[in-house]
Amino acid sequence: MREAAVVSQPNPLQRIPGVAIVLGALIVLFGAIAPGFLTPANLSNVLVQSTILSMLALPMTLIIMTEGLDLSMGAVLTLTSLCVAIVSLATQSMLLGLGAGVLVGAAFGTVNGWLVAILGIPPFVATLGTLGMAQGLSLIVSDGQSVVGIPHGVRDIYSATLLGIPVPIVIALVTYAAFHGLLYHTRFGSYVFALGGNREALRYAGLSPNKLLIAVYAIGGTMAGIAGLLMTARMNSGHPTAGLGLEFDAIAAVAVGGTSFERGNGWLLGTLLGVIAVGVLRNGLNLISLPSSVQVASVGVLVIVALFLDGLRSRA
Amino acid sequence: MNAPGNAAATPLLELRDISKTFPGVKALDDVSFALYAGEVHMLLGENGAGKSSLMKVLCGAYSADAGEFFFEGKKVTIASTADAQKLGIAVIFQEFSLVPYLDIAQNIFLGREPKGRIPGTIDRRRILADARRLLDTIGFDIDPSVIVNTLGVAQQQMVEIAKAISQNARILVMDEPTAALSDRETELLFALIARLKADGVSIVYISHRMAEVFSLGDRITVLRDGRRIDGVRPADVTPDQLVRMMVGRTVDMTYPRNFADKPGEVLLTVKGLTAASGISDINIEVRRGEIVGLCGLVGSGRSEVARAIFGADPVASGEIVFDGKPISGEPDVAARRGIALIPESRKSEGLALLRSVGDNLVVSALRKLFPSGLFDPRSGQRTADGLIRQLRIATPSARQTVGLLSGGNQQKVVIGKWLAAGAKLFIFDEPTRGIDVGAKSEIFALIDRLVAEGAAALMISSEQVEICHVCDRAYVMREGRVAGHLTRNELTEENIVRLGMHHA
Amino acid sequence: DGETIAVFTKNQTNPFFQTVRVGADNMAKTLNAKTLQYIPTKPDSIPEQLSQIEDVVVKKPSAIVFTPVDYKAMVPGVEKINDAKIPVVNITDRSAGGKFLSFVGADDYSLGLETARFLLKTLGGKGNIVIIEGVKGSLTNVDRVRGFNDALKENPGAKLLASQPGNYQRLQALQVMENLMQSNAQIDGVLAANDAMAVGAIEALDGANRKAQVIGINGTKEAIDAIKSGKLLASGDYNGFFQGCLGTMMAVRSLRNQPIINEIVLKPTVITKDNYQPFDQPLEQRTCPTFEEASKLGAK
Amino acid sequence: MTDIAKESLSPPRSFLSQDAIQLFYRLLAVLLICAVLAVLNDSFLSLGNILNVLRQASLTFFIASGLTLVVLTAGLDLSVGANVALSACVAGTVIHTTGSPALGILTGLACGGIVGLLNGIMVTALRIPSFIATYGMLWVLNGLTYWYMAGETLHGFPAGFRQIGSGYLFGLPIPVYLLLVFLGIGTLFAQRTIWGQEIYAIGANPVAARLSGIPVTRRLLLVYAVSGTMAGLASIIFLSRLNSAEADIGESLTLPAIAAVLIGGTSLFGGIGTVFGTFIGALILTLVLNGMNLLAVSANWQPLVTGIIVILAVWLDMKTRRRGQ
Ligand SMILES: Nc1ncnc2c1ncn2[C@@H]1O[C@H](COP(=O)(O)OP(=O)(O)OP(=O)(O)O)[C@@H](O)[C@H]1O
Ligand SMILES: Nc1ncnc2c1ncn2[C@@H]1O[C@H](COP(=O)(O)OP(=O)(O)OP(=O)(O)O)[C@@H](O)[C@H]1O
Ligand SMILES: [Mg+2]
Ligand SMILES: [Mg+2]
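Residue numbers (the working numbering), protein chains in the order written: chain A, 1 to 316; chain B, 1 to 504; chain C, 1 to 300; chain D, 1 to 325.
Calculated from the structure, these hints are not laboratory results.
Among the clues, some could well be false.
[As the list claims (entries may be wrong)] The calculated lysine to any residue pairs, modelled on SDA-like cross-linking and capped at a C-alpha distance of 20 Å, are:
#: 1; chain 1: C; residue 1: Lys85; chain 2: A; residue 2: Thr39
#: 2; chain 1: C; residue 1: Lys99; chain 2: C; residue 2: Arg253
#: 3; chain 1: C; residue 1: Lys80; chain 2: A; residue 2: Pro151
#: 4; chain 1: C; residue 1: Lys136; chain 2: D; residue 2: Trp301
#: 5; chain 1: C; residue 1: Lys231; chain 2: D; residue 2: Phe161
#: 6; chain 1: C; residue 1: Lys80; chain 2: A; residue 2: Val148
#: 7; chain 1: C; residue 1: Lys99; chain 2: A; residue 2: Arg155
#: 8; chain 1: C; residue 1: Lys60; chain 2: A; residue 2: Ile33
#: 9; chain 1: C; residue 1: Lys34; chain 2: C; residue 2: Pro289
#: 10; chain 1: C; residue 1: Lys267; chain 2: C; residue 2: Ser110
#: 11; chain 1: C; residue 1: Lys136; chain 2: A; residue 2: Val148
#: 12; chain 1: B; residue 1: Lys197; chain 2: B; residue 2: Asp175
#: 13; chain 1: C; residue 1: Lys85; chain 2: A; residue 2: Ala160
#: 14; chain 1: C; residue 1: Lys136; chain 2: D; residue 2: Ala299
#: 15; chain 1: B; residue 1: Lys197; chain 2: B; residue 2: Gly139
Keep in mind the model is a prediction, meaning the values are calculated, not measured.
Looking at chain A on its own, in the form it has when it is part of the complex (with noise of 0.2 Å):
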């Protein structure tokens, strides 16, 4: 009857087996061959250790959702974590240190954001930037050293448990919900489809593109000082070369959960399905001990492989 019928319906499952295939295969893979993998002690395990990298990829899709990328996020991480550390040593008060970390974070983002939108400079170019300049402040604030002595409570942001459960993995899952809930079901949700997809829709809709650009390089950011806080509880230090890095595993999980880099094709699910299909690859690695160089170039095989499966759907 309706037109519906023939278009073939764009059903955002479609998407799953990439990633799906890739993380049910480690999970049967590993539940058969890795003593102690399928422990609820383990897979909680997994999990937790998940919590710092999607929160990074979560914000990461929507960023490469606008055709943008995100270098610096790793390099903030370090360095609002190092802020977390500091303040809160200096303030005795995880509260103070949290929110010098948060804002650090967004203060990065933003400026992220406006190198992009208003300077026009290329997203990989932009981030490389300050991916360099966070670098060197979290090199200078800690003169090199790890910043010890914060006060306990951090720590246990990242050791309690909420009901039983892990409150990382409690903050993920609340974290998660809101980026679901901002990205399908609020007007800012739309709109970064939107940046991605079509910016002159937006114009023409009397909307902002550069705002809107520039707030979510700048939910990167404050995520960023997030997971900072996370990483300090973790460490109960800071480090300046802590979280070097993790951005690229964000881009692969991203990448890997099936969103695309052009024209606002993202899909949230698949990114946390990424994260934890790295997370549970690197476990099982560990758990059956190979050689430490397979698990160094696993991971590659892993994006190379769940890459190929969706390259070889979507040509299907």
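Chains B, C and D with the ligands: place on chain A using the hints.
Positioned in the frame of chain A, the structure of chains B, C and D with the ligands alone reads:
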């Protein structure tokens, strides 16, 4: 120039002495334009005459360098699209303004989404219901939760229209709305226009199709080289007169050709060609000195035949013999053997828009011009200059960025690159889409000259008149198959339609 | 018998940690135990080593021999091991917290001090010196550079021209050296915080046809070769092989309820042209010390 | 003369001239940096230091020049650094075992080229975006190198071989000659061969390029293979200059190479840029690091300064280009 109906009426919207200059181009030069309530106002002109620019000024997308706006007689400023929207101006642009991975409803109400209970959220049920109602009024039967990316061009066009209508516009601007529509959808659109007109909506309608000008228009404004030439009523002019106003000279719209009495030897034979892109068992033959038409409805698979022959889409089975030898493989093989494809979408498939005219003109001929493999910019430049002269491409120089040329001239560049490459078979896919009458006749003259010199052409066009005027014979396609063949004598619009219709 | 010992090292790129791993394997074999090696895929990655600890805790090896990638940031990880009641021996970098059966390491400060003293003695207590530092903030680097500086203080005739980081990287040390040679016409001695940088500095000197006495730290194979050929003056023996051996030994012994030594800080050995022979044999052919020998090695 | 008037309004956009203007700005920037450094430090302007800078820039340039071609096709190769490491280790082993530097050089180049080709296959046949494909490759290569080297280093190569990296000829370091040679070859290849022209066309619009009869797949394979081979060349220079190879040498090479390409004015969107620009990009980066060493600025400031330079360079580039249009 009088208002329609009563002479006393003030225009709904009036633009006075608008000028707009782009670097190197004076797009609008002191143009005045008046629009009355409830009229369909046709805006005509050659490619690059400034029609789209004028409409972009009108809707606030471009700011004019000089000029004034009056709305219902009162002076207003239109500095942004928001200003225009407040005045009830809505636009359907030539380039789509849809977001591919949002659904139809979200696209229609982008920026005006009904608010949900939680601040910032969208009331999902209402947006779908509103969209549903709107789509019903324009007679477009589709589920509003379908993602736009999965729609065809025509369906996207309908969504654009729904989007514009949804703004309760008093003024609706349509920039070549039928360029991508099928006949059925065109009829729907015309019915809709009639309904809107009855509701008192004013419509500015830009088109290169003469028939539409006369069947739809209440008044006509003609632009040439950024200047307003005249305003007339359809009843008071003939097509020839209109064309002269647009082009500044007479153009023979019957596109005279020297039909060859005896076609030359066979150049291309396609036997049982089947491809995953949706065509099956295609049998076609093209001889030197011929222009062979390939017609049918939109979506009947004409482009797919062209792409399969050129190697752009993979072939599942069948045989293609070119110049006596079988051919298969990627487009570079076809190109080297002497086949040229002038693709449907010149912007996305035909040109590197940010590169220069010269770069684009020599790109297919590099191997031929520089057999040693060493590239000589000066000699490339000379070749480009020669082609610019030969094809009369209107450009300040070979160094101009090709994306800044008008559509017709861009099309000439796409053809030109294959002239330089010395192609023997030219496959034209909609060579005249979005191109003005002047450029059209020049392009047909060019095709005629090419085949007269021993080349051959396979021409796809949705304008059946053109096929009838210029082709020696034609194949008609239906649902991915060749439905019939028409010789020169049989080649009439009725026959094409009869063969091409579903359930014929 | 058959205990599994999880051995944590910082990376798979630095030859030093390879000597640690070989030492651990070697000792495990003699004691009839098994090792599992855990190495971050990104060199020195803190989050990765933390994750590996969490994964290993699930796996519950008999004991752990642990080199923290960062001595302060890994404390929560150590505490996780403690919570899981897995016995753990600390080697190489002394962790800032957590409970360990034993610590086996070298004294970076005296390594720096002794090698620098040796160089200054060779130069007659005077000359223009440059220091090429390792990674800022790393424990090894801080102590080694402190040792260098204290040795310089003992020799007022020596002049410190510059102290620039080469991040333990060969190429960076080479470029730093090249650049320093431009602004300093005379450089007599180079104190490098590891062998790779020392060798990088030597290549830079060779390239510029200049001569200076260079020392490094770690006693790696290439350093020994360079000492043999006279290019490198000396290298401080950090003795990763023994650290691996002894760490594993203490872990296994404690599992078998045998006595252990709570702290072994290996005495610095300055490897020079005169004493390099014992270090000049393939790792695989070296033998781990016995427990009795270990007690003499520098237990405090 | 209306034509001339029009031309000056809409200035040249092709056949190099716009690029020439951009290069002029960049050379100006280089001179400016040099002037500042010369004022701040006496030894900067010494011949020795200038040669020193050129020699250090050469390593970045070799990697970045191949990368430039990839970026011209709107791609990216994140695996170049890891490729240098693997190639150096493989070449080093061959020299050690066979004693033949020539064989080692060939193996190093071949190893780099094969890795590049594999990247090309992933990008063309498997249609994985280059950014992701080469990121995956980076880890695969690291894994291979770590496994192969097993934490060891290779060192000590024949004196003749070491001349390539550290030797002099008529007072100039040999890498500087190589730099000039490859700068020339790269520029000629990009600007004066039809392959080069096709690469620009592919970067500007890959679909149109394919439909213009350019064998896009083959050209992309070529470009990635060249990028890989240049990484192989860099590995040889590295090997002979440092007289050793270890597994982690590549890590610090990739981002500077990308930065050099970007500072050099090559657009990540493809179709715009020059190999010469990349040379200047490498020069600017090296000059700044050299200056910081000479002025004894703490290395902690290096990432910060590099980041600012990258943004500034690209922003100025866009500014001047926009004014041009
Ligand atoms: N953004 C722009 N920058 C530079 N020149 C432009 C721009 N937009 C339009 N022009 C130029 O202004 C002139 C008028 O263009 P316009 O798009 O208004 O023509 P048109 O009448 O709509 O033509 P067509 O029938 O091909 O759509 C052309 O020469 C065009 O190249
Ligand atoms: N049934 C359809 N559903 C969705 N999109 C369609 C459909 N038919 C055609 N289109 C779209 O309309 C455009 C033109 O049709 P297409 O090129 O596929 O067929 P064609 O036979 O080549 O058409 P033409 O005969 O006009 O060249 C295409 O971009 C295609 O995406
Ligand atoms: Mg137009
Ligand atoms: Mg078509």
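Hint by hint, here is what the structure shows:
A threshold of 20 Å between alpha carbons decides the hint, and for Lys85/C with Thr39/A the separation of about 19 Å falls inside it, so the pair holds. A threshold of 20 Å between alpha carbons decides the hint, and for Lys99/C with Arg253/C the separation of about 17 Å falls inside it, so the pair holds. For a cut-off of 20 Å, the pair hint linking Lys80/C to Pro151/A stands: about 18 Å separates their Cα positions. Among the hinted pairs, Lys136/C with Trp301/D is consistent with the structure: their alpha-carbon atoms are about 12 Å apart, no more than 20 Å.
The suggested pairing of Lys231/C with Phe161/D holds, with an alpha-carbon distance near 18 Å, which does not exceed 20 Å. Simply put, Lys80/C and Val148/A have alpha-carbon atoms about 18 Å apart, close enough for the 20 Å limit, and the pair holds. For the proposed pair Lys99/C and Arg155/A, the alpha carbon gap of about 18 Å is at most 20 Å, so the pair holds. Restraint check for Lys60/C and Ile33/A: satisfied, since their Cα atoms lie roughly 16 Å apart, inside the 20 Å limit.
At roughly 18 Å between alpha-carbon atoms, Lys34/C and Pro289/C fall within 20 Å of each other, so this suggested pair holds. Between Lys267/C and Ser110/C the CA atoms are separated by roughly 8 Å; this keeps the pair inside 20 Å, and the hint holds. With a CA separation close to 16 Å, the supplied pair Lys136/C and Val148/A stays within the 20 Å bound. For the hint pairing Lys197/B with Asp175/B, the CA-to-CA distance comes to about 17 Å; that is within 20 Å, so the pair holds.
A hinted pair counts as satisfied when its Cα atoms are at most 20 Å apart, and Lys85/C with Ala160/A qualifies at roughly 19 Å. The straight-line distance between the Cα atoms of Lys136/C and Ala299/D is roughly 9 Å, inside the 20 Å bound, and the hint therefore holds. With a C-alpha separation of about 16 Å, the suggested pairing of Lys197/B with Gly139/B holds against the 20 Å cut-off.
Checked against the numbered hints above, the structure breaks none of them.
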